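Chemist: Sequence:
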Amino acid sequence: MQSIIYGKPILHNVLTLKSLIANIQIYTAEQTYSANSDEIRYEETLQAIDLIKESMSQIDAAKTTLQALIEQMKESYDSTKSKEDKKILFKTKIEEESHFNDVIKEATDLHFMLGTRLTEAISNGKRLERKLGIYGKTGPHTARPTNDIHEGPPGLDIENEASRQPPFTAPSIAPPRVSVPVFTGREEEFPESWAVYEQLVHNNPTLSATEKMLLLKESLQGKSDKSIRGIQLIPQNHERMIKTLHKKYGKKPANRTRIVQQLNELPRASRTAESCEKVFDDICMLLNQMFSTGQNIRVCKDALWTEAILSKFPKDIVEPVLLKMREHDDLTVDSILDFISGEISAKAYMQSRLRPYDPANRESANRTTQLCVICETSSHFTWQCQSKLPVSKKRDIVARKRLCWKCYSPKHTSSQCSRNNCRLCGRMQHIKLCFSTENAAEHGTSEHNTPSASEAEQRG
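Going by numbering that gives the first Met the number 0, the first residue of the sequence shown is number 0, and it counts up by one from there.
Watch out, some of these pointers could steer you wrong.
[To be verified] Label-pair ranges, simulated between beta-carbon atoms: (1) Gln415 with Glu264: 41 to 51 Å; (2) Ser274 with Lys387: 52 to 62 Å; (3) Ala307 with Thr376: 39 to 49 Å; (4) Lys314 with Glu264: 37 to 47 Å; (5) Ser274 with Leu303: 21 to 31 Å; (6) Gln30 with Leu265: 31 to 41 Å; (7) Thr183 with Glu238: 18 to 28 Å; (8) Thr205 with Thr183: 56 to 66 Å; (9) Ser344 with Lys130: 37 to 47 Å; (10) Pro180 with Asp280: 16 to 26 Å; (11) Ile230 with Gln30: 32 to 42 Å; (12) Lys130 with Asn236: 16 to 26 Å; (13) Glu273 with Lys242: 37 to 47 Å.
Calculated from the structure, these hints are not laboratory results. Predicted model only: the values in this text are computed from it and were never measured. Where is the CB? At the ideal position from N, CA and C, for every residue including glycine.
Kindly generate the complete structure, drawing on both the sequences and the hints.
Modeler: Here's what the structure looks like:
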């Protein structure tokens, strides 16, 4: 009777645990990735973490159930007083039939191997989070501490297990990767580049000194990396590398001088709104660079800066601004820029509304772009083509496209064309299509390069 109660359930649980071990064995292999993208690798790592955790939970549950049946069988065997019942239990040879001790040992070994792979996957996930800029945020692999996996059989009570886990918010998509700005060696751009690098890399506690030095070196291009070339990438040289860059490019007085020189050399805007907008944006960029060097020109009431800025715009922009400046005292540079921006916006609106009524614009809109039928480019007319194609090839093109042999027009034939015939052979064709042109070139003549009045007449 006892063999029926315990023998078959133990055997069934052993078979279940064996099948589970065989199916989960694949997760003990080293993780591979299907693509080189960090975003895809991150998603695959999170998936691997979830699969390994669930596999360990299933093994724990199956092993615990089997061990409970074995303990119950042992207790029942010890409490049996009848020798006949003990003899029946012994004859069943449950252990020999099921080998449950060997299966439990395999399950324990597999559990430890999965734990190693889980630790490796979590480490890879954190590394990818640092690269993607989401390090420290709560994600699927941090929703439950790693040590909790080894404490008892999870997964038996789904509702209680879900209530024990802290809530987390997983991002629906991977955030965009933030890259360190490139510094090309222009001194006036160094404050902005260093400010971004300092925020993203230099003050990042998750990066080592060597990683910071590598990122700094990657951000330097052109002549900017010459000053630190030869410095070994070891942690002791990190501060030395930064001091070298600041010593060469972090001189604020010199950078301010270069910015002022760029303002003086800035070309004056034309009368179009597009040109005024471009110059206005360039001036704003220079003012932002001045702010990075420690001087906020926008809040100043500087007559020199005001005159320098106004000198870069046409008269129809400056006149309304001067009238507004006359009405207000002690205007800052920022207020004057607001006036200029308003005038440019009004100018752009007026030009866009009046453009359809401009005769020059109507003529240019109606004019179709003419392509050279020989070389099929729009940089010149067909009669101006200097292609090195032989005359026979040019004639084939004209014949294939059914063009006039005199003026290359597709609207009429050569006999209907009012242009003069070829002055070399007298036939109804352009001089560029005449075989005599090649013969003349072979004899050193240059009549086709210096056309006479008759050829100019053919060109129209």
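Chemist: All hints are to be evaluated individually against the structure, with a verdict given for each.
Modeler: Going through the hints against the structure:
Roughly 59 Å separates the CB atoms of Gln415 and Glu264, a value that falls outside the hinted 41 to 51 Å. In this structure the hint that Ser274 and Lys387 lie 52 to 62 Å apart at CB is violated, the actual value being about 40 Å. Judged by the Cβ atoms, the range 39 to 49 Å given for Ala307 and Thr376 holds: they are separated by roughly 44 Å. A hinted range of 37 to 47 Å for the beta carbons of Lys314 and Glu264 is inconsistent with their spacing of about 21 Å.
Look at Ser274 against Leu303: about 24 Å separates their beta carbons, and that is inside 21 to 31 Å. Checked against the hint of 31 to 41 Å, the C-beta distance between Gln30 and Leu265 comes to roughly 56 Å, which is inconsistent with it. Separated by about 24 Å at the C-beta atoms, Thr183 and Glu238 satisfy the suggested range of 18 to 28 Å. The hinted range of 56 to 66 Å is not satisfied by Thr205 and Thr183, whose Cβ atoms lie roughly 28 Å apart.
The given range of 37 to 47 Å is respected by Ser344 and Lys130, whose C-beta atoms sit roughly 43 Å from each other. With their beta carbons about 19 Å apart, Pro180 and Asp280 fall inside the hinted range of 16 to 26 Å. Checking the proposed 32 to 42 Å range against Ile230 and Gln30 shows it holds: the Cβ atoms sit about 36 Å from each other. For the hinted restraint 16 to 26 Å between Lys130 and Asn236, the CB-CB distance of approximately 24 Å keeps it satisfied.
Between Glu273 and Lys242 the beta carbons are some 44 Å apart, a value that agrees with the proposed interval 37 to 47 Å.
When held up to the earlier numbered hints, the structure conflicts with 1, 2, 4, 6, 8 and fits the remainder.
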